[in-house]
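Colleague: Sequence:
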Amino acid sequence: MSPLILVSLALLLVILLLVLLPRRSKNSFPRPPGPKGLPVIGNLLESLSLSPSSFEKWSAEAGSPIVSLNVFGQTMVILNSWKVTSELLEKRGSIYSDRPKPVWCGELIGWKSVVLFAPYGERLREQRRLVRGLIDCREHMEKILSVDEMGRHWKEFLGNLLREPEALDKHIHNTSVGILLQLSHGISVNDHIQQNTDSAMKQFSIVTAPGASIVDLFPPLQYLPKWFPASFIKQAAEYARVLADMVDVPHGIVKRHLSESTANPSFTSTYLQQDNVTPEQEELIKWTAASIYFGGSNTSVPTLLTFFLAMSLHPEVQRRAQAEVDAATGGTRLPTLEDRAQGRLPYVEAIVQETFRWNPATPIGFRETTKDDVYEGYLIPKGSIVMPNIYGFLHDPETYKDPMSFNPDRFMGKDRERDPRPPCFGFGRRACPALGLGETNVFLAVSATLATFNITSQSKTQPRLPSHEYFTTGGTISRPKPFDCNIRPRNERAVTLITAEND
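Residues -25 to -1, 1 to 478 in mature numbering (1 follows the signal peptide of the UniProt record, and there is no 0) are what the sequence shown spells out, letter by letter.
To be clear, the hints were calculated from the coordinates, so they are not data collected in a lab.
Check each hint, because a few of them may be wrong.
Claimed, not checked - Once the Cα atoms are required to be at most 27 Å apart in a straight line, the calculated DSS-like pairs of lysine-lysine come out as:
(1) Lys58 x Lys389
(2) Lys389 x Lys376
(3) Lys209 x Lys87
(4) Lys32 x Lys389
(5) Lys130 x Lys145
(6) Lys177 x Lys145
(7) Lys145 x Lys346
(8) Lys389 x Lys177
(9) Lys76 x Lys201
(10) Lys209 x Lys76
Make the full structure from the sequences, and use the hints.
Modeller: And the structure:
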């Protein structure tokens, strides 16, 4: 019998054992209700179409804000209530702060080392401490990335958009990466770094999609030898090289600049210059820095694309915001954070909030329980994958009136609706440590664009659809589907302002 057949038989035996001997809890409470599964495979088919709309459908059918799936003994728990999510992920954070351990993207490719996928424990706490130690210190931040420097990046964005308006996606991406790369490594974007980041982002979307690889359904497949003829093995090796390049190249540039005494202030240079940095600490610094510039740009890009889409569909919103900006600036300068702090731009602020709500960049959260828990009489077993339906929270008609519509007025006046930003940036112990930075970045981009450009739809009769029709919400990142819009300077004064700001 050939080695290949022996390996296949052994693998089949392991899989059968996993299926026939699922993990059981000693706890007698029932699991949350959910769609009925098939023999042996359980809810495998449902697990391949995880999306906010599916979550809401299953919840309605079960009559419960908590539903569960079972895939080969693996429990998946879906939370369709903001209140329930807060109670579990925040008040019971010691149980709900771990991450699932996806085999393909985490183990085989290497994404487990970034902050997003890091298991809850000492390593993650240290990574978060490093980020907060820098961002929470105003003096350090001003040396590395001042508000004025962030503004200059977005001024360059305006100039690029003036010259090449059809390349909106590229300009947003390049500017976002440029800002965060200055913060994380103190360097400018070059073609090699840009290409690596682009490739890593595209690959990240592929490997984190539901049902992306068979190895996530059958984890023992990860132990197949590298010569085994399986496409996921070859693809994992290719993607791992791209990820390693994205992480190692900027880090190597900083180390070279430090050796030449030419390094700019940055997250990486600040921590590498501390006394007695061990190889283990340097590795932690390297991956945390990569998490800053990759993670931040991976969410700010879809958020800003969503803003441009919304403006193309809602010219009345755009005109009102532009009038507010003109009143604050006199049309002689770009808006600043001082305008924001002084309350001169409340409607622009409402547009930012509504952009976050209308299309949250991360529509579904992912956690893993570290021990059995019982909530409202339901057992959530240890090792369950817990998925908060963030998109669903922010489109709940009980919380937001006419939630599918883009309407900044919901955040104006005394009877404002609930602030959508907290779930957009995460719950509890895994909430984004750079929330303020990300929000500031979006505000500067939105206000500068409103001051200088008109954004219109290419179709005068384009119908307004429910929000879910515009976005790809069934994955880790939600982006607008491809859309066309016209981007033109508002007037000659705007052109002068853009070109003068970029001299």
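Colleague: Hint by hint, say whether it matches the structure.
Modeller: Going down the list of hints, with the structure as the test:
1. Lys58 x Lys389: 23 Å, holds
2. Lys389 x Lys376: 15 Å, holds
3. Lys209 x Lys87: Answer holds: Lys209 to Lys87 is near 19 Å, not above 27 Å.
4. Lys32 x Lys389: Not satisfied, since the Cα-Cα distance of roughly 34 Å exceeds 27 Å.
5. Lys130 x Lys145: 15 Å, holds
6. Lys177 x Lys145: Holds, because 13 Å separates the two Cα atoms, which is no more than 27 Å.
7. Lys145 x Lys346: 44 Å, violated
8. Lys389 x Lys177: 42 Å, violated
9. Lys76 x Lys201: Judged against 27 Å, a Cα distance of about 21 Å means the pair holds.
10. Lys209 x Lys76: 20 Å, holds
Of the numbered hints given earlier, the model fails hints 4, 7, 8; all others are met.
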